[in-house]
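Between the sequences and the hints, there should be enough to build the whole structure, so can you do that?
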Amino acid sequence: QKEVEQNSGPLSVPEGAIASLNCTYSDRGSQSFFWYRQYSGKSPELIMSIYSNGDKEDGRFTAQLNKASQYVSLLIRDSQPSDSATYLCAVSFSGNTPLVFGKGTRLSVIA
Amino acid sequence: EPEVTQTPSHQVTQMGQEVILRCVPISNHLYFYWYRQILGQKVEFLVSFYNNEISEKSEIFDDQFSVERPDGSNFTLKIRSTKLEDSAMYFCASSAEGGGSPLHFGNGTRLTVT
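Keeping their order, the protein sequence lines are chains G and X. Letter 72 of the first sequence, counting from 1, is numbered 72 in the working numbering, and no numbers are missing. Letter 16 of the second sequence, counting from 1, is numbered 16 in the working numbering, and no numbers are missing.
It is worth saying that the hints were derived from the structure and are not from the lab. A hint or two may mislead.
[As the list claims (entries may be wrong)] Covered stretches of chain X, going by a simulated chain G footprint (3 or more residues, C-beta under 8 Å): (1) 37–44; (2) 48–61; (3) 104–114.
[To be verified] Derived DSSO-like pairs: lysine-lysine, alpha-carbon spacing no greater than 27 Å straight-line: (4) LYS67/G - LYS42/X; (5) LYS83/X - LYS103/G; (6) LYS78/X - LYS42/X; (7) LYS42/G - LYS78/X; (8) LYS42/X - LYS103/G; (9) LYS56/G - LYS42/G; (10) LYS56/G - LYS103/G; (11) LYS57/X - LYS42/X; (12) LYS103/G - LYS67/G; (13) LYS57/X - LYS83/X; (14) LYS42/X - LYS42/G; (15) LYS56/G - LYS67/G; (16) LYS103/G - LYS42/G; (17) LYS78/X - LYS103/G; (18) LYS42/X - LYS83/X; (19) LYS57/X - LYS103/G; (20) LYS83/X - LYS42/G; (21) LYS78/X - LYS57/X; (22) LYS56/G - LYS42/X; (23) LYS67/G - LYS2/G; (24) LYS2/G - LYS103/G; (25) LYS57/X - LYS2/G; (26) LYS42/X - LYS2/G; (27) LYS56/G - LYS2/G; (28) LYS2/G - LYS42/G; (29) LYS42/G - LYS57/X.
[What the hints assert, rightly or not] Some chain X residues judged to face chain G by a derived CB distance under 7 Å, without partners named: (30) PHE91; (31) GLY98; (32) GLY100.
This one's a predicted model, so the numbers in the text were calculated from it and none came from an experiment. Even glycine gets a Cβ: it sits at the ideal position worked out from N, Cα and C.
What follows is the structure, encoded as structure tokens:
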């Protein structure tokens, strides 16, 4: 059974702080990893993809991947109230398999 | 920026009725998907479609469900004889290169079965 695990939260951080969101996955052979943001009642919106070990930065967002530990994280620097949403981790377990989503972590940024 | 469009945004139907949810994927994408999200739960894979046929389906996607690409642009999900537990948000998604490449989601259709 392919599983993607996330702490459901809520994770509350003050405005301007760094938010750290974590995700673990069950299959060591997984290939591709994605972070999506989902506002309440809306569709998932792609934030970042990461395919190799290490860090990948895009603006205020940094994705970190550690395949040996089967762990992927998302850091949001200078968090804003508009970042308040549910963050979904998604994993492609092998070449052409569809993405499997975690339950998501709800982030609340307090002004 | 090109986007995936879904219609209708909200569909209310009575139990036992058939519904068709429609999607127009991004024009140069080759892989199409349906996912659903029951309120408060995770986004779940239903089916993937490539080269005019189903490439993979989940346990959820039973004989009650079917997909079709009736022309060069539309991609539909049909649910026959709807049940109360089919009430959910249904998302269509497309990608350029299949598994391992990012999915681009439509805005979703909220299906309410009464």
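Now the hints, each set against the structure:
1. With a cut-off of 8 Å between beta carbons, the segment 37–44 of chain X has 4 residues touching chain G; three or more are needed, and the interface restraint holds.
2. Counting residues of the segment 48–61 of chain X whose beta carbon lies closer than 8 Å to any beta carbon of chain G gives 3, which meets the minimum of three for the stated coverage.
3. Residue count for the segment 104–114 of chain X with a Cβ under 8 Å from a Cβ of chain G: 5. That meets the three needed, and the coverage hint holds.
4. A C-alpha spacing of about 23 Å is found between LYS67/G and LYS42/X, which places the hinted pair at or below 27 Å, so the restraint holds.
5. For the proposed pair LYS83/X and LYS103/G, the alpha carbon gap of about 24 Å is at most 27 Å, so the pair holds.
6. Annotation: proposed proximity of LYS78/X to LYS42/X holds, straight-line Cα distance about 21 Å (limit 27 Å).
7. Among the hinted pairs, LYS42/G with LYS78/X is consistent with the structure: their alpha-carbon atoms are about 22 Å apart, no more than 27 Å.
8. Distance hint between LYS42/X and LYS103/G is fulfilled; the C-alpha atoms sit about 5 Å from each other, no more than 27 Å.
9. Taking the CA atoms of LYS56/G and LYS42/G, the gap is near 26 Å; set against the 27 Å cutoff, the hint holds.
10. The suggested pairing of LYS56/G with LYS103/G holds, with an alpha-carbon distance near 23 Å, which does not exceed 27 Å.
11. For the proposed pair LYS57/X and LYS42/X, the alpha carbon gap of about 17 Å is at most 27 Å, so the pair holds.
12. A distance of roughly 20 Å separates the Cα atoms of LYS103/G and LYS67/G; the hinted pair therefore holds under the 27 Å criterion.
13. Proximity of LYS57/X to LYS83/X is assessed by CA-CA distance (about 20 Å); at most 27 Å being required, the pair is judged to hold.
14. For the given pair, LYS42/X sits about 13 Å from LYS42/G by alpha-carbon distance, which is consistent with the 27 Å threshold.
15. A threshold of 27 Å between alpha carbons decides the hint, and for LYS56/G with LYS67/G the separation of about 14 Å falls inside it, so the pair holds.
16. With a CA separation close to 15 Å, the supplied pair LYS103/G and LYS42/G stays within the 27 Å bound.
17. With a C-alpha separation of about 26 Å, the suggested pairing of LYS78/X with LYS103/G holds against the 27 Å cut-off.
18. Taking the CA atoms of LYS42/X and LYS83/X, the gap is near 19 Å; set against the 27 Å cutoff, the hint holds.
19. Distance restraint check for LYS57/X and LYS103/G: the Cα-Cα separation of roughly 20 Å lies within the 27 Å cut-off, and the hinted pair is therefore satisfied.
20. Taken as a hint, the LYS83/X and LYS42/G pair is honoured in the structure, with Cα atoms around 23 Å apart against an allowance of 27 Å.
21. Straight-line distance between C-alpha atoms of LYS78/X and LYS57/X comes to about 14 Å, which keeps the hinted pair within the 27 Å bound.
22. The hinted pair formed by LYS56/G and LYS42/X meets the criterion: a straight-line CA distance of about 25 Å does not exceed 27 Å.
23. Simply put, LYS67/G and LYS2/G have alpha-carbon atoms about 15 Å apart, close enough for the 27 Å limit, and the pair holds.
24. Using a Cα cut-off of 27 Å, the hinted pair LYS2/G and LYS103/G holds, with the two alpha carbons roughly 13 Å apart.
25. Restraint check for LYS57/X and LYS2/G: satisfied, since their Cα atoms lie roughly 15 Å apart, inside the 27 Å limit.
26. Taking the CA atoms of LYS42/X and LYS2/G, the gap is about 14 Å. The hint holds against a cut of 27 Å.
27. Between the alpha carbons of LYS56/G and LYS2/G the distance comes to roughly 25 Å, so the proposed pair stays at or under 27 Å and holds.
28. The hinted pair formed by LYS2/G and LYS42/G meets the criterion: a straight-line CA distance of about 25 Å does not exceed 27 Å.
29. As the CA atoms of LYS42/G and LYS57/X are separated by approximately 24 Å, the hinted pair is consistent with the 27 Å bound.
30. Among the interface hints, the one on PHE91/X holds; its C-beta lies about 6 Å from the nearest C-beta in chain G, closer than the 7 Å criterion.
31. Given the 7 Å rule on beta carbons, the hint for GLY98/X holds: about 5 Å separates it from the nearest Cβ of chain G.
32. Given the 7 Å rule on beta carbons, the hint for GLY100/X holds: about 4 Å separates it from the nearest Cβ of chain G.
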